[in-house]
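Undergrad: Listed below, chain by chain, are the residues.
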Amino acid sequence: MALREDALYASYRRLEKPLFNVLYRQLWHVEDCQDVIHDAYVRVWERRGKVDEATLDALVWTTALNLAKNRLRWRVLRRHDVVDENLPQLMGDAQPMDFLATRRLHEALRQLPHAWRQVLLLSEFSGMRGNEIAGVLGIPAGTVASRKHLAMVRLKALMGVSGNE
Amino acid sequence: MNESSQFFTDLRPPAGGLQRLHRTIHHPKGRAHRTGRLLVASAFAVAFLLLASLVPGIVMRHRQTAKLVSAMHAAVAPPANGIEVVDGAALELPSGQANVRLYLVQSNAAVPSGQNGSAERL
Chain A
1 MALREDALYA
11 SYRRLEKPLF
21 NVLYRQLWHV
31 EDCQDVIHDA
41 YVRVWERRGK
51 VDEATLDALV
61 WTTALNLAKN
71 RLRWRVLRRH
81 DVVDENLPQL
91 MGDAQPMDFL
101 ATRRLHEALR
111 QLPHAWRQVL
121 LLSEFSGMRG
131 NEIAGVLGIP
141 AGTVASRKHL
151 AMVRLKALMG
161 VSGNE
Chain B
1 MNESSQFFTD
11 LRPPAGGLQR
21 LHRTIHHPKG
31 RAHRTGRLLV
41 ASAFAVAFLL
51 LASLVPGIVM
61 RHRQTAKLVS
71 AMHAAVAPPA
81 NGIEVVDGAA
91 LELPSGQANV
101 RLYLVQSNAA
111 VPSGQNGSAE
121 RL
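Chains as they are written, first to last, in the numbering used here: chain A, 1 to 165; chain B, 1 to 122.
A portion of the hints provided could be inaccurate.
What the hints assert, rightly or not - Facing chain A, according to a computed beta carbon distance under 10 Å, are these residues of chain B, among others:
| hint | residue |
| --- | --- |
| 1 | 7 |
| 2 | 8 |
| 3 | 9 |
| 4 | 14 |
| 5 | 16 |
| 6 | 21 |
| 7 | 22 |
| 8 | 24 |
| 9 | 89 |
| 10 | 94 |
| 11 | 100 |
| 12 | 101 |
None of these hints come from the bench; they were simulated from the model. The beta-carbon is built from N, C-alpha and C at its ideal position, and this holds for glycine as well.
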C-alpha cells in the first residue's frame, strides 16, 4: 500500500502548524523548524512504498522529532547555542501583553528537561492522545502521563503560578 | 482543553512550506546535486588520504637511496692521504700494523678471466 502524493500534502496541511509549534519550542529557530518539517516529509516520501497512510501522521511526528533531536545533538557537539525570538512575526495579531507572556513561558520551557518538555508540547499541540504520544516517542503510556504531570508542576513553579489556579 | 492551554499561544509557521515540499518532490534535482557534491568531496578526501599515506614512503625511499649512493661513493673514493688510482678504485683495508697500509685495488681495464682483483702492499 503505497503513499499517495495528495495524502502526503493533506498530512502536511494538517500537521504543519502543530509540528511547528512543538519544534519551535525545542529548536528556538524558525528556519531550523521549517527545514526539519520539510526534511521529515521528504524522508517519508522517499519511503512511500512502505508507508501506510493510516499511520502517516505518527510516522511524520516520529521522523520530525528524531531529526530535531539530531539537530540539537549537532548543536551541543559544536557548542552552537541558538536563541531566535522572532515572536512578533510568528504571533501575528497577538497583543504586546501576549508577546511578553509567551517570552516568559519560553524562558521557563527552556529550563524543563528535554523529555518532559517534549511530552508536554505533544500533549498540547499534536492532538494525539496519551497512548498515541507513547507510540510516537517509544515510551510507555504511564511514562507519558507522569512526565506531563511533572512538566506542568515544574512549569507552573517557574512561571510563579500556584497549583490552585 | 489541556491544563497547559492557559500558557501556550499558537505560533504561525511562515508561509511557503507546502510549495517548497511540492518543488522538492517534483524536482529532486537539488537533492541529486547535493549527493553529487558529496561524492566529489568524498573522492577528494580519499585521494588526499591516499596521497598522505604514500608521500612519506616515497620520501623515505628517496632518502635511503641517497644514503646508499653516498655510501657507495665513499666506498670507492680514494682515502685521504692514501694512494691515487688512475682508471680504477682502491679500498683501504685494516692491516693490523701501524706502519703498514693495505689496499684492495681494482682496475677498470678489462681483466682477464680468473683474475678478479689483487691486494698489494704499498
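Undergrad: None of the hints should be skipped; say for each whether it holds.
TA: Evaluation of the provided hints:
Hint on residue 7(B) holds. Least Cβ distance to chain A is approximately 5 Å, under the 10 Å limit. A distance limit of 10 Å between C-beta atoms decides the matter here; for residue 8(B) the minimum to chain A is near 5 Å, and the interface restraint holds. A cut of 10 Å between beta carbons decides the hint on residue 9(B): the least distance to chain A is about 5 Å, and the hint holds. Restraint check, residue 14(B) versus chain A: the minimum CB separation of about 6 Å is within 10 Å; hint holds.
At its closest, the beta carbon of residue 16(B) sits 8 Å from a beta carbon of chain A; the interface hint therefore holds under the 10 Å criterion. Here the hint on residue 21(B) is kept, as its CB sits about 5 Å from the closest CB of chain A, short of 10 Å. Contact between residue 22(B) and chain A, as hinted, is supported at the beta carbon level, the nearest pair being about 7 Å apart and thus within 10 Å. A hinted interface residue such as residue 24(B) counts as satisfied when its beta carbon comes closer than 10 Å to some beta carbon of chain A; here the least separation is about 6 Å, so the hint holds.
Checking residue 89(B) against chain A by beta carbon gives a least distance of about 67 Å; that is not within 10 Å, so the hint is violated. Taken as an interface hint, residue 94(B) does not check out: its beta carbon lies about 67 Å from the nearest beta carbon of chain A, beyond 10 Å. Taken as an interface hint, residue 100(B) does not check out: its beta carbon lies about 77 Å from the nearest beta carbon of chain A, beyond 10 Å. The beta carbon of residue 101(B) is not positioned within 10 Å of any beta carbon in chain A (closest approach about 73 Å), and the interface hint is therefore violated.
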